[in-house]
Each structure stands twice: as C-alpha cells, then as structure tokens.
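Asks: Here is how the chains run, residue by residue.
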Amino acid sequence: MCGIAGLIWKGGVTSDIGSEMTQMLQALKHRGPDSTGFALYGKANDDVHILRFKVAEQEEMKTGFDIHRQVIERKAAVDMRLEELGAEIIKKEDATEYAFRYEFKFAGDLKRLIDFIEDLDGVEILSVGKGLELIKDLGDATVVSEQYGLKGFNGTHAIGHTRMATESDVDIRSAHPYWAYPFNDVSVVHNGQLTNYWTMRRDLERRGHRFMSNCDSELIAVYIADRIDRGDELEGAMRRSIDVIDGVFTYLVATADQLGMAKDVMGAKPMVLYESDEFVGLASEEVAIRSIFPREIDTWDPYQGEVKVWAA
Amino acid sequence: MGSVTTSHDMGLHEEQLAGRTQQRFFSATEEENFTYPWSYEVDFDKSAEFDAASMEITDINLKIRELMKSGVGTITVHNPRAKHSLGVGILNRVNLNFEGSLGYFGCGVIDGPNVHISGRVGWSCAENMMAGKVVIEKNAGSLFGAAIRGGDLVCKGQAGARVGIDQKGGTIIVGDSVGAFTGFMMQRGRMIILGDAGDNLGDSMYDGTIYVGGKIASLGVDCVETEMTDLDKRYLEGKLSQYGMAAPNGVENMIKLTSGKQLWNYDNLEPSEKKLVL
Chain R
1 MCGIAGLIWK GGVTSDIGSE MTQMLQALKH RGPDSTGFAL YGKANDDVHI
51 LRFKVAEQEE MKTGFDIHRQ VIERKAAVDM RLEELGAEII KKEDATEYAF
101 RYEFKFAGDL KRLIDFIEDL DGVEILSVGK GLELIKDLGD ATVVSEQYGL
151 KGFNGTHAIG HTRMATESDV DIRSAHPYWA YPFNDVSVVH NGQLTNYWTM
201 RRDLERRGHR FMSNCDSELI AVYIADRIDR GDELEGAMRR SIDVIDGVFT
251 YLVATADQLG MAKDVMGAKP MVLYESDEFV GLASEEVAIR SIFPREIDTW
301 DPYQGEVKVW AA
Chain Z
1001 MGSVTTSHDM GLHEEQLAGR TQQRFFSATE EENFTYPWSY EVDFDKSAEF
1051 DAASMEITDI NLKIRELMKS GVGTITVHNP RAKHSLGVGI LNRVNLNFEG
1101 SLGYFGCGVI DGPNVHISGR VGWSCAENMM AGKVVIEKNA GSLFGAAIRG
1151 GDLVCKGQAG ARVGIDQKGG TIIVGDSVGA FTGFMMQRGR MIILGDAGDN
1201 LGDSMYDGTI YVGGKIASLG VDCVETEMTD LDKRYLEGKL SQYGMAAPNG
1251 VENMIKLTSG KQLWNYDNLE PSEKKLVL
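For the protein sequence lines, the chains are R and Z, in the order given.
Positions 1 to 312 (the working numbering) are the ones given, in order, by the first sequence.
Positions 1001 to 1278 (the working numbering) are the ones given, in order, by the second sequence.
Treat the hints as calculated values from the structure; they're not laboratory data.
One or more hints might be untrue.
[Stated by the list, open to error] Okay, derived cross-link-like pairs now, DSSO-like style, lysine-lysine, Cα gap no bigger than 27 Å in a straight line: (1) R:43 x R:62; (2) Z:1063 x R:308; (3) R:92 x R:10; (4) R:29 x Z:1156; (5) Z:1156 x Z:1168; (6) R:29 x R:105; (7) R:308 x Z:1233; (8) Z:1138 x R:10; (9) R:151 x R:43; (10) Z:1156 x Z:1138; (11) Z:1261 x R:308; (12) Z:1215 x Z:1156; (13) Z:1168 x Z:1063; (14) Z:1138 x Z:1233; (15) R:91 x R:29.
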C-alpha cells in the first residue's frame, strides 16, 4: 500500500521541514509500518557535497559479533577511498553505528568517486547532493526521525515515504526514497506496482545504470536519472515516464530546487494535493496534510496521467 | 414509499436460470425492506454538537450512535480533520453535519441519513449508500458513490476517477469535472456531471443514464449518446434546483448517454452447463 508525502515552500522560504515531514509520515503510518524514509533539502551550498551512506543493514547489526568490527573497517575503507581520489572531508557525523553523514569538497568526476566507494563490500551510498540529505531506516516516522535527529532540519522542500513491503524485503536498501544515482540532489518516492520492471531494468542496466535492490520503485529513480542524463528537463522526463512505465503508480520526484508529481493513466493510486501561494503539500491521504495544517483547507485529487512540477 | 416497484415487476427476472443460482428471490414488502426494527426514534428538533479533533475514529462513530440512541436528530461534528471512515453504517434517519473534511470511506453503507459536509471527502465516499442524502460542498476523491443503490449524492466541486463505478441506483450529481472511468459498469440510476468528463466515460455500462454538461474526453465501450427528451430536461432542472445548482450551458445543451446494449450477450445457461453443451 505505502504512503508518500511531499512538501515545498515557495519563493525560497525555509522552514523546519524535518519536523513537518515527520508529522506527515507519522499520520500515514497505517499505510506502511515497515520502514520510513526522508529526502530533505536544505539550503544548497556551492562547494560542499553532503554524503549519506550506510555500511550495514539494521538486521545484520543484530546478528554476529564480527559485524561491529566490520562496520568500523568498512567506514575506514570509505575514508581511504575518498582521500585517494582527492576528496577533502570537512565533517564526519555518525547518525547510527552503521549510517553516516559526511561533508566533503571534491572537484573531480563525481560518478567515478561514487562508484569507487560503492565498490566496497556492504557499502551503499544513500545520497550525494549539495542540498539533499536522504535518511531511511526501519521503523515508523517518529522512530527514524529521533534516531537520526531530524527535528529542526531547516530546508525548502522534502519528500517522504512509509513502506509496506510487497515486492521485496524489509531492509534499508529496499526502503524509499531512492536517490537517482549518480545525480546530485535527485530523489524519488513511489506508491504502486510496476509491471514492466524487468524489461525496463534490463534495458537500463545495459545502458550502464546500477540497481541496488529488487524493489520496483528504484526503477523510477534510475529512469528519471537516465532521462536527465540524456538532456531531458524534469517535467519532460516525468511526462515520458507515464507512457513508458506500465503498472499503477503515483510518484514524487525532488531535485535541488523542484518538486514534481506524476500519476499513472488509470489513476489507481491516491494523491491529495493542497496548494497555496506559499506552500504545496501532497500526500496519499489528506490526514497527512492536516497534521501540519489543522485548519480547514481546500484540497483536491490530481487526475490520472497528470504531471505537475513546482519550484522552491 | 408509496407503491413499491420491485425488480420483478420490471421484468428483470424473466430469464430462467436452469442451473444452480446463488440468488434467493423473495417478495419485498415495505415493512420488510425499508425499515429497520432496531432503528432509533429521533427528534430532528433536538440537536447536539461535539468536537472530533482529538477523538479516535471509532469513538466518533460511537458518539454519533449514542446521540441517536438518546433521541438527538440533528448532530453536528466539528473538526473531523479528514479522518477516515466517519459516519459509516448509519441505518437511521438523522441530520448529520460535518463541519470540515472527511478522509476515505466517509459515510459508507448508510441507509437513511441526511448528511451535509462543509469540506471535502476522500476516496470511496458514500460507497454502497442505500437511501438518504449526502451533500458535499467542496471536492471529492476517486470512487465517489461506488456501487450506490439509492439516495442522492451531491458533490459541488470536482470529483476524482471512477465516480459511480458499479452504480446500481440513486442519483450522483457532480458540480464540476470527473476523472477517467466514470460510470464504469454502471447498472442503473442517474449521474449528472455539470463539468467535463475524463477518458472512458460509461465504459461497459449495463444500464442507467449519464448526463454531461461539459466536454467528454472519450466514451467507453458500449456507451452511446442518446436524444434528450423533454422529460429529461424537466427532470434535470428539477433535480439541480433542489441543490441550488445549474448546468453551465443550460440543461438543453447537456449530453445524455446510455448503454448501447451491444454487450448484452446473456443466455440461460450457467457456465458449467455451457461446457457440456459445447
């Protein structure tokens, strides 16, 4: 079933989007209790990249004694590889024992750096961006938000996801949002099922894209990344996706300064939209939007096959 | 109720099913079918209101029931805040006002109440309504009035996809546009859409009538345009004026759609017997 939510403050206004998205996703908990994910967009800075990565799954941490030593080794290996390619690490934060947040400066080929790091066993990059920070873990919104200290995260826009696992395992690698590897600041959340997943995945893999999980939603992120790589605008890429991707879906995409939504031609998955002069809120259910706007507001359902994009 | 026209009188059961059927026929009397012996006696002049902001869904529905039990006939619920499944399963005459919006499955399986919602409703509003009236001042989600059997369901804003899917009676009125697959497999009843209609309008409809005031993106299989009669126009004018609504270009310019009945390939055999014959 899954619940998705998105919000964007217009005109460069910033707000405590960490708390807002936590509240929205907590209201959608009944749509998916397995895992929760956030893609939060802070104020982008020009030269510092923010790297979010994990070196183990939550489940692995509970089994065996070796893993605690392994995560330390894996993290050290990441540090080494970053330095080897000339990235200057400015700041290191431990979000959990197995998930980390780095700030670094780097002028070279970013894809090469990312590939080099991910080549390490057990290491998965959740996101790289100048504004984007992608956080996902098992548990409901409040649990994940507290674990990673998201309260007070200031930013312009965010997307989030509560997952009910139907197509793949309950683990962090199958949790949403997905980062559109290897593009700075592009992330995707999705509610639905894709039916031509394998056909499209094989096609995209032949073009050199990487898939970390067997989760069908990852395909949308990879597809959007592929289209942007080929020169499409975000909105154009999304419009094309509606014709190309089969199945029932509603998804949200965010870039450094934009938030977009797309709905399949059958209109089979829900999405409620609230738009005012300064704010746009989207969610699978209106209760999520009401959790941050308890007063009466006008909302509506976008129609089937609709694509909308807003700028921060 | 006056004289009751049963489906038998209308000749709907003339075909003889030779095999086993799940359907049980009985002769309907008003006493048996249109009253509930356990329904509460309510006084419409007695009114009550409560704030639902911090209440659980079950508690809100129980509170409505308790109030009806104590004879209150006019109930106002403040701050429903788009919670799901509010006002469901009410088999009683009552005036129910929601000051705000409902979430999914609002006012489902109801028989009798007169509901007014000042906000918006989510998916599957008034699903399987048997009788009564539901008026929504703002927009509605998809599956609006799915499988309703009677009563009036009015949305003054726009509604989502699959409005009146499997409609079996009653009237659905939408003040603005509707999405794709509206009236899919509609079986009886009337639908009045004052705005535009999405793709596949009235797809595979068995029977019933759809009136559209705006543009139609495309018609579904076996949904055909038919001539508007004076009776249709009088009906539309009367019905719309009851809710203070009007067709944007006048009722005479609305389009009337019914089933082409090209898909009516019924025969007397059960599927299992069909195999034997073939």
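Asks: Compare the structure with each hint and give your call.
Replies: Status of each hint after checking the structure:
no.	hint	in the structure
1	R:43 x R:62	violated, 36 Å
2	Z:1063 x R:308	violated, 41 Å
3	R:92 x R:10	violated, 31 Å
4	R:29 x Z:1156	violated, 31 Å
5	Z:1156 x Z:1168	holds, 22 Å
6	R:29 x R:105	violated, 37 Å
7	R:308 x Z:1233	violated, 38 Å
8	Z:1138 x R:10	holds, 25 Å
9	R:151 x R:43	holds, 16 Å
10	Z:1156 x Z:1138	holds, 6 Å
11	Z:1261 x R:308	violated, 39 Å
12	Z:1215 x Z:1156	holds, 18 Å
13	Z:1168 x Z:1063	violated, 31 Å
14	Z:1138 x Z:1233	holds, 26 Å
15	R:91 x R:29	violated, 33 Å
When each numbered hint is compared with the structure, violations occur for hints 1, 2, 3, 4, 6, 7, 11, 13, 15.
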